[in-house]
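Colleague: My numbering numbers the first residue of the sequence shown as 1 and each following residue consecutively.
Warning: the hint list may mix true and false statements.
Claimed, not checked - Using C-beta positions, here's what the derived DEER-type ranges look like:
hint, residue 1, residue 2, range
1, G281, D121, 50 to 58 Å
2, R226, D53, 37 to 45 Å
3, E217, G50, 40 to 48 Å
Claimed, not checked - In silico DSSO-like links for lysine-lysine, alpha-carbon gap of 27 Å or less:
hint, residue 1, residue 2
4, K257, K300
5, K300, K198
6, K300, K258
Hint data in this document are derived by calculation from the structure and do not stem from the laboratory.
Even for Gly, the Cβ is constructed at its ideal location relative to N, Cα and C.
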Amino acid sequence: METLTLRPGESQAGRRADVWLAEAVEGLTRSAAARLLAQGRVTRGGKPLGKSDLLTGGETVEVSLPEPETAEALPQDIPLDVVYEDGDVIVVNKPKGLVVHPAPGHPDGTLVNALLYHCGDSLSGVGGALRPGIVHRIDRDTSGLIIAAKNDCAHQALAAQLQDHTLARTYQCIVTGNLRRDAGTVDAPIGRHPTDRKRMAVVAGGRPAVTHWEVLERFPGFTHLRCRLETGRTHQIRVHMAHIGHPILGDTVYGAKKAVPGLQGQCLHAVGLRFRHPRTGETLELSCPLPPEFLEQLRKLSARR
Numbered sequence: 001m002e003t004l005t006l007r008p009g010e011s012q013a014g015r016r017a018d019v020w021l022a023e024a025v026e027g028l029t030r031s032a033a034a035r036l037l038a039q040g041r042v043t044r045g046g047k048p049l050g051k052s053d054l055l056t057g058g059e060t061v062e063v064s065l066p067e068p069e070t071a072e073a074l075p076q077d078i079p080l081d082v083v084y085e086d087g088d089v090i091v092v093n094k095p096k097g098l099v100v101h102p103a104p105g106h107p108d109g110t111l112v113n114a115l116l117y118h119c120g121d122s123l124s125g126v127g128g129a130l131r132p133g134i135v136h137r138i139d140r141d142t143s144g145l146i147i148a149a150k151n152d153c154a155h156q157a158l159a160a161q162l163q164d165h166t167l168a169r170t171y172q173c174i175v176t177g178n179l180r181r182d183a184g185t186v187d188a189p190i191g192r193h194p195t196d197r198k199r200m201a202v203v204a205g206g207r208p209a210v211t212h213w214e215v216l217e218r219f220p221g222f223t224h225l226r227c228r229l230e231t232g233r234t235h236q237i238r239v240h241m242a243h244i245g246h247p248i249l250g251d252t253v254y255g256a257k258k259a260v261p262g263l264q265g266q267c268l269h270a271v272g273l274r275f276r277h278p279r280t281g282e283t284l285e286l287s288c289p290l291p292p293e294f295l296e297q298l299r300k301l302s303a304r305r
């Protein structure tokens, strides 16, 4: 059993415990958060929290997560938006809300379950029984392109490209505030947050992390960016944007002031992938459109001008 220690910020004061918990713990749905609260697994000051209890902000909350119910992921008929597929790799446009692989509090209903149904036994085993085929991850509330390997040779080749930074990943996001320059680079090491292990932070001694960004469009109080990852740390773009004082719109975990109506989580989308095919060596460059809720936020910001 895993125990998490969470410290909701002052901006979370007045929020329902179940709503906040589902956002604070990656891979946890609202219903799963409600079950943990009902089971007494979430405490504040040693006393169980109810799902409708309100946060005061600044308190310490402890969460006892059960182990996954299954030792391996099972196939589930979940629709997939397949952008590219052959005998070695599959690239999917992942929607928001879909967790990549089973985790405590979210044992099924994940991208892995969907891939197992779609691909059958044709997924690499390098990642283990709960992560077959998974080469890299995207946060639950980040949408966009993710690549999976169908055999171990493909997995190892793609993993090597991640290591040498030749597997290029491009994102678009809307951040709060206006950046002074039109382009720049954030080169700041990322590690676990010193007091909240479910969050990441720029910390001395963290792993090297580099994000290149450029302005696509400016709005009053907000900026539309394209970001290219040179490295791939957990929550990297979210952490780096918050670090330079421009958290991503809707990302209450990393500094946005409040959730945005009509937007689930952060306004961040993986728009592009470029990689060498693990068998042929051919360079593949794939893209996908911005999702409707992202486009709606751009429309609303344009209307304010």
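Colleague: Out of the numbered hints, which ones does the structure contradict?
Modeller: Hints 1 and 5 contradicted; others consistent.
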